[in-house]
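Asker: Fit chain S to the given chain A structure using the hints.
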Amino acid sequence: AQTVTQSQPEMSVQEAETVTLSCTYDTSESDYYLFWYKQPPSRQMILVIRQEAYKQQNATENRFSVNFQKAAKSFSLKISDSQLGDAAMYFCAYRSALEYGNKLVFGAGTILRVKS
Amino acid sequence: DGGITQSPKYLFRKEGQNVTLSCEQNLNHDAMYWYRQDPGQGLRLIYYSQIVNDFQKGDIAEGYSVSREKKESFPLTVTSAQKNPTAFYLCASSITGSPSYEQYFGPGTRLTVT
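Protein chains in written order, with the working numbering: chain A, 952 to 1067; chain S, 3 to 116.
Okay, chain A solo, but in the shape it has when bound (with noise of 0.2 Å):
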């Protein structure tokens, strides 16, 4: 079974300044998808970012980009020009390319506080 570990329970980051979260995911299988989800205070869960694991290059979505190492197993989140509403409970989700269901397999998250 695959797993997902998010090793910082919680980071801050300074308004305007860059913060990586952390994320690894253990797994047998080569083609799979991983994804960053946000949680605000309203705990309604948002779409960060996504990657393809056949894909070499990194996702960028505006602010956030990711740092994927197929080979370390490894999917760090980098938010630029941190904001505000940047502040929330963040989650790595991995997704089995292989398996019936679509399930999302999580990690228990990283709480970022943004200080102003």
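Everything labelled a hint here was simulated from the structure, so no lab data went into it.
In this text, a Cβ means the ideal position worked out from N, Cα and C, and glycines have one as well.
Wrong hints could be hidden among the right ones.
The list that follows gives simulated cross-link-like pairs (lysine to aspartate or glutamate, DMTMM-like), each with its CA atoms no further than 25 Å apart [stated by the list, open to error]:
| no. | chain 1 | residue 1 | chain 2 | residue 2 |
| --- | --- | --- | --- | --- |
| 1 | S | 59 | A | 1050 |
| 2 | A | 1006 | S | 104 |
| 3 | A | 1021 | A | 982 |
| 4 | A | 1021 | S | 104 |
| 5 | S | 85 | S | 40 |
| 6 | S | 11 | S | 32 |
| 7 | S | 59 | A | 980 |
| 8 | S | 59 | S | 26 |
| 9 | S | 16 | S | 64 |
| 10 | A | 1024 | S | 104 |
| 11 | S | 59 | A | 977 |
| 12 | A | 1029 | S | 104 |
Rough simulated footprint, nothing fancy, chain S against chain A, three-plus residues with beta-carbon under 8 Å [as the list claims (entries may be wrong)]:
| no. | region |
| --- | --- |
| 13 | 998 to 1011 |
| 14 | 1045 to 1055 |
Answerer: Just chain S now, kept in the frame of chain A:
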């Protein structure tokens, strides 16, 4: 507007009672999911359904039951057999056909059992 509705937002029950959490979507998605969220543990999959009248157990199905009689609806029943039912419950839906498709989440229901 298309989306996922979960009701109610907060639910209180006495121990020993079954309770049903509602999840409705108007996104025309085939797949629907139920997750449980506890502090420090992320989201864990309870049940999922890829098509009407069919569903599968997730990682923590014991003490829960579901039905999928309509494409739009995927209610979750928390039975008295669930030992620690107090948690935040999230429903999600997705298009089927590719694992790259995003799962869309509802606003969640906070269940408290005393």
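Asker: Are any of the numbered hints broken by this structure? If so, which, sorted upward?
Answerer: Of the numbered hints given earlier, the structure breaks none, since each of them holds.
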